[in-house]
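4 protein chains.
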Amino acid sequence: MIVVLKKNPEKKQMQNLISWVENLGLKVHLSEGTNSTIVGLVGDTSKVDIELVRTLDIVESVTRVQEPYKNANRKFHPQDTVVDVSGHKFGGVNFQIIAGPCSVESEKQLIGIAEAVKKAGATLLRGGAFKPRTSPYSFQGMGVDGLKLLKKAKAETGMPIVSEIMSEEHIDDFEDVDVLQVGARNMQNFDLLKKLGKLKKPILLKRGIAATIEEWLMSAEYIMSEGNPNVILCERGIRTYETYTRNTLDLSAIPVLKERTHLPVIVDPSHALGISRFVKPMSLAAVGAGADGLIIEVHNDPTHALCDGAQSLRPEQFEDVVKSVERMLPVVGKELG
Amino acid sequence: MIVVLKKNPEKKQMQNLISWVENLGLKVHLSEGTNSTIVGLVGDTSKVDIELVRTLDIVESVTRVQEPYKNANRKFHPQDTVVDVSGHKFGGVNFQIIAGPCSVESEKQLIGIAEAVKKAGATLLRGGAFKPRTSPYSFQGMGVDGLKLLKKAKAETGMPIVSEIMSEEHIDDFEDVDVLQVGARNMQNFDLLKKLGKLKKPILLKRGIAATIEEWLMSAEYIMSEGNPNVILCERGIRTYETYTRNTLDLSAIPVLKERTHLPVIVDPSHALGISRFVKPMSLAAVGAGADGLIIEVHNDPTHALCDGAQSLRPEQFEDVVKSVERMLPVVGKELG
Amino acid sequence: MIVVLKKNPEKKQMQNLISWVENLGLKVHLSEGTNSTIVGLVGDTSKVDIELVRTLDIVESVTRVQEPYKNANRKFHPQDTVVDVSGHKFGGVNFQIIAGPCSVESEKQLIGIAEAVKKAGATLLRGGAFKPRTSPYSFQGMGVDGLKLLKKAKAETGMPIVSEIMSEEHIDDFEDVDVLQVGARNMQNFDLLKKLGKLKKPILLKRGIAATIEEWLMSAEYIMSEGNPNVILCERGIRTYETYTRNTLDLSAIPVLKERTHLPVIVDPSHALGISRFVKPMSLAAVGAGADGLIIEVHNDPTHALCDGAQSLRPEQFEDVVKSVERMLPVVGKELG
Amino acid sequence: MIVVLKKNPEKKQMQNLISWVENLGLKVHLSEGTNSTIVGLVGDTSKVDIELVRTLDIVESVTRVQEPYKNANRKFHPQDTVVDVSGHKFGGVNFQIIAGPCSVESEKQLIGIAEAVKKAGATLLRGGAFKPRTSPYSFQGMGVDGLKLLKKAKAETGMPIVSEIMSEEHIDDFEDVDVLQVGARNMQNFDLLKKLGKLKKPILLKRGIAATIEEWLMSAEYIMSEGNPNVILCERGIRTYETYTRNTLDLSAIPVLKERTHLPVIVDPSHALGISRFVKPMSLAAVGAGADGLIIEVHNDPTHALCDGAQSLRPEQFEDVVKSVERMLPVVGKELG
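Residue numbers (the working numbering), protein chains in the order written: chain A, 1 to 337; chain B, 1 to 337; chain C, 1 to 337; chain D, 1 to 337.
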């Protein structure tokens, strides 16, 4: 970390800064020039609060040389992490497609979709039991009963299941769930992250709606520093000023992440735009950008016609997406399954 | 709610939409024109998922006429809500100044600051015991021990205390804390909000770093719909592209909120900019915009010199802010205390 | 356009609004309910200033049913527009790759790059003669001399040329330039757009760094409404809070534009991220999203080593991008050239 | 400027970088550590393209120690610049209120408003003759005829006039206009800025809708580096994700600017929020934040009732704003006029 001090810094404040840094176990390299003084901090600077240093009166600017994340950092772990979910691998040359309904609504609905998406090529089943909703007046999900239906669908189809956990109080209920999803709104629910770090299960960590890539990796670090290395990142769109789309899918983040971290990264093209007819082009774009997988909403209940045309695809549309994705994978050196 | 359908909507889909709406207990007014069909929904539309309707194939656009929040809505509660904290009133013509250290660090530090800010004019004492930190390697706060020190400071100074709660597991520990703060990162931790709604205590609800005003009011609604009307909103800066300031303090939100809701709104000028020398102008700006109070970080530990110049003011600087604020309050028809 | 009025609107203001609307040649459909009054405007509402109506005291909300752009609107022109540049077609099943240096620096440099990119598969040559620079102290481009070199390169290689115009004063200098580029900073330089609308030449209209898709289409409309239908849109990244990338490439905009407009859309993967090693994945992502072409910076001057590794690719890296793009095009039903 | 290189940088690339820097007339201080090499650039680094350096393969990060703006920089010009417009001073302890209609529409309208705002306390008159409009189908302003009416109003009331210039072609028409305004959309129309830098007249430079403070100061630098020191900055709201307000008025920018530059800064509370009833609180907030003036839209035409309630105040509302502002000015040590 390099701290540039203002011209003629107050000596006592400078000495205070140096003592504080040394108390953290770091070495200080001081270089005093005519126009500015440069303080280099050498050692493990991940414990230095950069925001605090930046706001000191005597400080002009602070530059991190070392990233604040360690476990998630590709510099210290050059090979791709491959997260194995019952034989389905995330990372490396592997590509996974997770599919299923937004919310679990009934056994018939869920089993129907599970069979349809399996047939179409999906490798894991998703389904929401606990639903984070902006409004307290909206349906909040089936809860524990929804998890039971997911386990039934897993038993019938053999597909591993992925579902969102919203509170540390429910961890026991997720025992047979293969991948625990942390939603965008909980990306910085640090108490929850720490608890998930004590498990060994794969955690699907969605990017917060306005999280920087660095904050996202720091949240992965919360999980990993507690002992759980099985983190799968999921880009799902960020908040911008644009209003024609619900969110802006940040595919630029994929190659950046591939360089910074060894963790697998998948993309959710359903939620970002919120419109099913854009799922196909954005899925292909995600493949081009280098993603390790997709998570796609599929709905098949013909009697629940309201959802037609919303962000969920029908099974036949989903099959068409899978086919195009499979044609594209060889160009980026990946394969499905 | 007004739903404009696309030209020549598919009849079956339109009928599905109408049935779905009627099942929610709403009435439908249909007006078919040559270029578009307009569906007006009459009744309590707060239960309608506008995102879902917007994404239907046959829908061109959706406009809410009725806001999705009810308890927080000024239309249904025209008078200002006044939240009373041991005689200190938030809302109406009252103005409160909450002050104290970022983190509770020791008894000596806390009591020292508490006495200093009280003397300078602060009406409530703040202090962080549980600290939400981006990095797992940063100091996470003193926890329950910090709360104990806060209660001591309350006993010695008579000032009500404000502290942040990060997990529903700690609710019992906050029993003697007067105001429970929900931080920006937990603004949409819905499980936590529901639990706080079952209390009767004042909740200081900070705006999420990228939350819209509507989402913020919906989070207040989570608390209020469970039975707790004592919500104080706190603007603390939003995330934008600007990098010279840590966040952009959105003072435009104050008059907008004053029109939309009856809840009191205070401003945190310390965190938004992250620089103590900007606290004074932004405090005066908040008064001008119509805020009902301020929450300001103050630090007095001369041996802990690192924090000089950071976002915390020294007591004498804080006193200067209070004096200017007091001179300005009559212009906006408010008074301190 | 649907205007929802507040409950019990002041009669005189409502009458004023209706008269004003009727004076614009529109018809008014009034529907008075118990809770709100709905005013439907029928006719060509593109001349109605929606911002103005939205801010009236009596107005609760305004919804456009008809988009404000007409010439650019796919509703009135369902077929793809195909812009022909000396036989190279933008739009439909065609895919074009424009390549060349950021700035024209010398004849040797330009001809060298031109030959290299042509060999690698580029179909048009780009090069900056007038450079919009944030700082007045940065190199502002070779100006008219740069244009002369571009024309030489065109004569030698047969490739059509693309260059940025920054001021209406230079229109005559661009006479032999095949495609005139409007940069992000000038996307709402309306005087310039109107002048370009009087030409017949293809205009490459880059998206403003914080422009909405609608504003972008309205800027296309400025050109088209003056009589020039040959507009090619170019997505080049938008400004967000993320700092690991220079801008966020908004590939979600591609399928949205394909639905809203008949104009061709290309992508600039060099400027958005600003890093050459991300050009390949973002180029493939752009193909997946449905773009009609790419514009890529290529640099070949081995003595000018500073630029190695910056946003410009070397010719051999560019060739690798072209090859992968060509493998991917059949999946989206397009072909190069 | 401090350039941190990656571990084990390629020697030839490092040498290229050093040669390039030295060719720019700068000195290089090299400090090679075990984990990173630090290159310090000493001298006038305003000519170094930081974006270019940042994207080099061997570079880890770049930190500016010296700001890229010189003429606008308070470090080199510690005293406040005071811009004098016919005796009305912007900057220092002075506070100005510019008021008038959004668009000039007729002599009667303009003279009426001019007299009303003068009586209410305004010190300068504003009025739009050339109007930048998102849509080509909206009214584009009266043009040169509007300027003539402004000059008449100036002759009748003695108030200096402020109007927006959109193209360098109109500079002669603005000869008798006292302050030339550059709108948000033209903040980076560099050809226009350079031309205005050749004048001696005060330039009111609005912040671009998504411009950083640094970009804004660099645009001021374009004007100042051509010889015109009379620049007045105007904050008018920035684009964020929030939709309840048209833009987010960035009052945090005021104290930041006051520290970085010696130029006067005023605030436009009418355009940012777009709603007249929010003009008063945001005007008072601007005073609190330390602004040197306000520019406010006022409308007085009772027959042109459409505009009632929009972003323009009526004269009696404007007078109320002026009175409150005057009560608040002593608290911040300023006075009107």
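Since the hints were derived computationally from the structure, they do not count as laboratory data. Take the hints with a grain of salt, since some may be wrong.
If several chains are the same, the list does not tell them apart, and a pair holds so long as it fits within one copy or across any two.
Think about it this way: if two alpha-carbon atoms lie no more than 20 angstroms apart in a straight line, the pair counts; the simulated PhoX-like pairs of lysine-lysine are [stated by the list, open to error]:
#: 1; residue 1: K148; residue 2: K195
#: 2; residue 1: K108; residue 2: K198
#: 3; residue 1: K131; residue 2: K75
#: 4; residue 1: K334; residue 2: K323
#: 5; residue 1: K75; residue 2: K154
#: 6; residue 1: K258; residue 2: K152
#: 7; residue 1: K200; residue 2: K258
#: 8; residue 1: K119; residue 2: K198
#: 9; residue 1: K27; residue 2: K198
#: 10; residue 1: K11; residue 2: K200
#: 11; residue 1: K75; residue 2: K108
#: 12; residue 1: K323; residue 2: K119
#: 13; residue 1: K108; residue 2: K118
#: 14; residue 1: K154; residue 2: K334
#: 15; residue 1: K334; residue 2: K198
#: 16; residue 1: K258; residue 2: K7
#: 17; residue 1: K75; residue 2: K47
#: 18; residue 1: K148; residue 2: K131
#: 19; residue 1: K258; residue 2: K151
#: 20; residue 1: K11; residue 2: K108
#: 21; residue 1: K148; residue 2: K27
#: 22; residue 1: K119; residue 2: K194
#: 23; residue 1: K151; residue 2: K108
#: 24; residue 1: K148; residue 2: K108
#: 25; residue 1: K12; residue 2: K47
#: 26; residue 1: K70; residue 2: K334
No experiment lies behind these values; they were computed from the predicted model shown.
Hint check:
In the homo-oligomer, the alpha carbons of K148 and K195 never lie at most 20 angstroms apart, since the shortest distance is 22 angstroms inside one protomer and 25 angstroms across protomers. With identical chains, the CA atoms of K108 and K198 are never at most 20 angstroms apart, being 35 angstroms at best within one copy and 36 angstroms at best between copies. For the homomeric pair K131 and K75, neither the shortest alpha-carbon distance inside one copy (37 angstroms) nor that between copies (29 angstroms) is at most 20 angstroms. Taking the closest pair of Cα atoms, K334 and K323 come within 20 angstroms of each other both inside a single copy (14 angstroms) and across two copies (17 angstroms).
Neither within a single protomer nor between protomers do K75 and K154 lie at most 20 angstroms apart by alpha-carbon distance, with minima of 38 angstroms and 45 angstroms respectively. Taking identical chains as interchangeable, the C-alpha atoms of K258 and K152 are never at most 20 angstroms apart, the minima being 36 angstroms within one chain and 41 angstroms between chains. In the homo-oligomer, the alpha carbons of K200 and K258 never lie at most 20 angstroms apart, since the shortest distance is 23 angstroms inside one protomer and 44 angstroms across protomers. Proximity of K119 to K198 under the C-alpha cut-off of 20 angstroms is found in neither arrangement, the shortest distances being 35 angstroms within a copy and 46 angstroms between copies.
Taking the shortest alpha-carbon separations for K27 and K198, neither the intra-copy value of 33 angstroms nor the inter-copy value of 51 angstroms comes in at or below 20 angstroms. In this assembly of identical chains, K11 and K200 lie within 20 angstroms of each other by CA distance neither inside one copy nor across copies; the values are 50 angstroms within and 44 angstroms between. Taking CA atoms no more than 20 angstroms apart as the test, K75 paired with K108 passes in neither setting, with 48 angstroms inside one copy and 40 angstroms between copies. In this homomeric assembly, K323 and K119 come within 20 angstroms of each other (Cα to Cα) only inside a single copy, at 12 angstroms, whereas the closest approach across copies is 33 angstroms.
Proximity of K108 to K118 under the C-alpha cut-off of 20 angstroms is restricted to the intra-copy arrangement: shortest distance 15 angstroms within a copy versus 58 angstroms between copies. In this assembly of identical chains, the alpha carbons of K154 and K334 never lie at most 20 angstroms apart, being 26 angstroms within a copy and 40 angstroms across copies at closest. For the homomeric pair K334 and K198, neither the shortest alpha-carbon distance inside one copy (32 angstroms) nor that between copies (49 angstroms) is at most 20 angstroms. Only between protomers do K258 and K7 lie at most 20 angstroms apart by alpha-carbon distance; the minimum there is 19 angstroms, versus 39 angstroms within a single protomer.
Only within a single protomer do K75 and K47 lie at most 20 angstroms apart by alpha-carbon distance; the minimum there is 18 angstroms, versus 33 angstroms between protomers. In this assembly of identical chains, the alpha carbons of K148 and K131 lie at most 20 angstroms apart only when taken from the same copy (15 angstroms versus 36 angstroms across copies). For the identical chains of this complex, K258 and K151 are neighbours neither inside a copy (33 angstroms) nor across copies (41 angstroms), given an alpha-carbon limit of 20 angstroms. Within a single copy, K11 and K108 get their C-alpha atoms no closer than 73 angstroms, and across copies no closer than 27 angstroms, so neither meets the 20 angstroms cut-off.
When the C-alpha separation of K148 and K27 is checked against a cutoff of 20 angstroms, the pair qualifies neither within a copy, at 55 angstroms, nor between copies, at 36 angstroms. Taking the closest pair of Cα atoms, K119 and K194 never come within 20 angstroms of each other, the shortest separation being 37 angstroms inside a single copy and 40 angstroms across copies. When the C-alpha separation of K151 and K108 is checked against a cutoff of 20 angstroms, the pair qualifies only within one copy, where the shortest distance is 13 angstroms, while the shortest distance between copies is 55 angstroms. In the homo-oligomer, the alpha carbons of K148 and K108 lie at most 20 angstroms apart inside one protomer (13 angstroms), although the nearest pairing across protomers, at 53 angstroms, exceeds that limit.
Taking the closest pair of Cα atoms, K12 and K47 never come within 20 angstroms of each other, the shortest separation being 23 angstroms inside a single copy and 35 angstroms across copies. For the homomeric pair K70 and K334, neither the shortest alpha-carbon distance inside one copy (27 angstroms) nor that between copies (43 angstroms) is at most 20 angstroms.
The structure fails hints 1, 2, 3, 5, 6, 7, 8, 9, 10, 11, 14, 15, 19, 20, 21, 22, 25 and 26 (numbered hints given earlier, in ascending order).
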